[in-house]
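S.K.: What follows is each chain in one-letter form.
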Amino acid sequence: MSATRMRFLSPRNLRLVHRAPRDFLGACSGRQPGGPSCSTSLTSPHSVSSHMCRALSSLTSSRRGLPKEKMSENGISRPKVLTLDTMNPTVKMVEYAVRGPIVQRAVELERELSEGIEKPFAEVIKANIGDAHAMGQQPITFFRQVLALCSYPELLNDNTFPEDAKNRARRILQSCGGSSLGAYSPSQGIDSVRQDVANYIERRDGGVPCDPENIYLTTGASDGIVTMLKLLVCGQGIDRTGVMISIPQYPLYSAALAELGAVQINYYLDEENCWSMDINELQRAVNEARQHCHPRALCIINPGNPTGQVQSRQCIEDVIRFAAKERLFLMADEVYQDNVYAEGCQFHSFKKVLFEMGPEYSETVELASFHSTSKCYMGECGFRGGYMEVINMDDDVKFQLTKLVSVRLCAPVPGQALMDLVVNPPQPGEPSYNSFIKERTATLSALAEKAKLTEQILNTVPGIRCNPVQGAMYSFPRITIPQKAIQEALEKGQQPDMFYCMKMLEETGICLVPGSGFGQREGTYHFRMTILPPIDKLKILLNKVKEFHQKFTQQYS
Amino acid sequence: MSQQHAVNGVLPKGKVLTLETMNPNVKKVEYAVRGPIVQRAVQLEKELREGAKKPFTEVIRANIGDAHAMGQKPITFLRQVLALCAYPDLLEDNKFPEDAKQRARRILAACGGQSIGAYSASPGIECIRQDVSRYIEKRDGGIPSNPDNIYLSTGASDAIVTILKLLICGEGRGRTGVMISIPQYPLYSAALADLGAVQINYYLDEDKCWSLDVNELKRAINEARQHCNPRVLCIINPGNPTGQVQSRECIEQVIRFAKEENLFLMADEVYQDNVYADGCKFHSFKKVLFEMGPEYSSTVELASFHSTSKCYMGECGFRGGYMEVINMDPDVKTQLTKLVSVRLCPPVPGQALLDLVVNPPQPDEPSYNTFIKERTAVLAALAEKARMTEEMFNTIPGFTCNPVQGAMYTFPRISLPAKAIDKAKVKGKVPDMYYCMRLLEEEGICLVPGSGFGQRDGTYHFRMTILPPAEKLKIVLDKIKNFHIRFTEEFS
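Protein sequences, first through last, are from chains U and X. Under my numbering, the residues of the first sequence are numbered 1 to 557, in order. Under my numbering, the residues of the second sequence are numbered 1 to 492, in order.
Derived from the structure by calculation, the hints contain no laboratory data. Careful, some of the hints might be misleading.
Simulated coverage check for chain U against chain X, where a stretch passes if three residues somewhere in it have a Cβ under 8 angstroms from a Cβ of chain X [stated by the list, open to error]:
| hint | segment |
| --- | --- |
| 1 | 142-152 |
| 2 | 211-224 |
| 3 | 231-243 |
| 4 | 462-476 |
Listed next, the in silico PhoX-like pairs over lysine-lysine satisfying Cα-Cα at most 20 angstroms (straight line) [claimed, not checked]:
| hint | chain 1 | residue 1 | chain 2 | residue 2 |
| --- | --- | --- | --- | --- |
| 5 | X | 165 | U | 230 |
| 6 | X | 28 | U | 230 |
| 7 | X | 15 | U | 230 |
| 8 | X | 95 | U | 166 |
| 9 | X | 165 | U | 80 |
| 10 | U | 403 | X | 95 |
| 11 | X | 259 | U | 80 |
| 12 | U | 80 | X | 28 |
| 13 | U | 398 | X | 15 |
| 14 | U | 398 | X | 28 |
Output of the computed footprint for chain X on chain U, the stretches with three or more beta carbons under 8 angstroms from beta carbons of chain X [stated by the list, open to error]:
| hint | segment |
| --- | --- |
| 15 | 125-137 |
| 16 | 171-185 |
| 17 | 345-359 |
| 18 | 432-441 |
| 19 | 538-548 |
Quick reminder that beta carbons are idealized off the backbone N, C-alpha and C, glycines included.
The following block holds chain U by itself, in its conformation from the complex (with noise of 0.2 angstroms):
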């Protein structure tokens, strides 16, 4: 069966189309003899029946190809051009679990309680996504001094800012049309913008080359992802591409390759051996998705999400020996590559792995690279700036990418400047020095002190399960869930780690995204909660999953 054809049905297959995301899943991931059947959904089958009943009464009110007759009160009967049943139908499939159904249920509640309205608890903690300065974390002073000046240069006279912070916004503004961050940049990002991410990247890299030619600024990383998909989607049927993307991912992954009608490939990750990744598990997913479709791009995510797994260096060495084995384009994501916690563990960047293995590498494996500026240290996550590197692209389709980014003309150009100061931060003997790598330092303390936490606290309650967090800014437990729960949430039309998130979103107060939302093992159970509260306010939120967790697994024993 291929899922990209079944995405063309008509609407008149709608019921099959709306099937489609589970019995995708099943048919890219195979079943593994022996081994824990890997059929897995991103949908939860509350929100697939309730779109199909939709759907389906629709459907009974019209025929297929004639829009549906509806009666309005004065007796004119005008059907809507656009249905759920004429509306584009990638776009239906598409599922993005960190702002889906409990994050609504999130907000509503949050106003139910600014209305008064009581509940069992004070305030909402929205543990769903790694938003560092909604949990309070302060952003960097210099970065907002430096974005003030850019904003309102009249400031560069004001003698209360340091002079590195006017030196950088000078320099800021200068390379920006009519001297304004309100001008347009040229599309690939401001030229040098990208010339410091090229420098950003060689002493990242212990000097590995690196061409500002091959700089994209981008508005976060999500949105270099998604041109890079974009650009590889091609061939039908057989002949479709395959992405392979790790289960347990981010979704933004499952998003876009729905969204652009491309075969999600999954390979899994070791849960046993710390989210590790194993080659022999490549190889299982690529052979088998070769029987459906075509597969040409492998992403990662290192350090990973949710799972919070840094990859060794041997291990990045053999992801490329199978990338170029399997000519697939490698796609890295980098965005948390500074948010590493634990003892023993370093980034390494794809690029200069890459480029350590000798030219026979070096020189031919395709490699595509994206960092943010909403993670790591800063969290600026509103600002929406990132980029990406891109290696060994063909000049052709490089010539391609850079038409298909200027039709969005450019990058926001605040989100430019911050990206900047990322890659290019006070230096020693900058007046901003100081302050600059105390605050760094605090905020990446603070987060290896509670990513330690985090893991130690979840681990002394029965039933729940969590590898350390060694980088990122996740934790992603497995969860054992009562049997009779599993029972009363499949009742309910619910995946039962989203059961199981709602109550627990309902009695606590706090929001975190269930398992099924990035994938995971069928029978497993798993959630996603960040660990960047605050270190007072995350331990009563441990606490509180403790207690909640308990009596979850009483009531239903």
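Given chain U, put chain X in place with the hints provided.
M.R.: Below, chain X alone, put in the same frame as chain U:
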């Protein structure tokens, strides 16, 4: 498609991603506003910097509506608030007026952790969506606007592409067709190519000041029905690149047509504050729709787009914008909300800026006078430049230029000598591209050829922004005049 594997340990040659194996839709995308002519302009600038001798001393990029790049100063109040939001320590600073501080406090209070560095809700910050809907109500004489219908976006382009994406489905004759004006703003043709939709051209009437004729819409849709499923009608008002401002009567006709033909309306209204010509006035599609009574206002589906990039503020770099959706099916709206959530949120500084645009200083506030003074100066200068451009171009033999009633561009028709057309063809170039390239090489002026926007066969145009400061604009216009005369002589 060949699937090469490693054989005996030898790695297969050739790239994974090549022109032949990439997404074919992307290859079809064209975006002239930043096309080859702009790339050449960038090269020329570089050569000038490196000391190369050219017949000009600077490159003037009149290819794009980029106000600040052309020297327009930002509105003080807007930037004060943005600085306060970026670095809230400044709230303690006495140099900032109270109303700027209040706006900043209000925006920050609506941000997660009081920081513009937090993600916002995916459709945008709640209180900004409320401010936008109040602005729309005021603009439209009290017609209600629901904040739930407002989606903030990354510039208007983002929202336009999102709505098109929702609308496109079907295969073969059932494939969605989208009606766009010719000339058009090439975001539309680019997005349609990218999405694999069918582009349906309707031609604006150059002889009637680029007005829209419903008979032409009918011709276009009837022809299109033979090969696709027309579902959408896009209108740009005031017009880009053509600068016309639609009459109320015309908008009514368009709405009636959309209803008759069962079309989803997309109204690109980013130039709504850029209306210069006497007797012209901006009418929003929303307002006209509601004034036509419930038969229309409760049925016709409409999305309207606005942006922080144009009007008097010209803040392109912030990528702020919004759309309002009217009569959208609630299930589709759920899908729209889901779709925008994948990209998390539009840039928050752009959202903050949009808030200030829809909620500027009020008469009793300290920044009001300065704000009005700055805004009026920009708009008056634009009106003057619009008039000057039309006048000047119409003195050039071989130029016909409609009045620039609104927006930021002139799109004059130019007659090219037959010999020049032949020469262009020999060089494998579209004639107006050849013309514009020559103009760039000889005068350093960067324009966009009409072929990048679409035009009737056998006619030639270019788009030029009227944004340069008046003195510079005069020089630009003179240079174009001299060039055109020279060019015509050379080929006659």
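S.K.: Broken hints, numbered, in rising order?
M.R.: 4, 10, 12, 17, 18, 19
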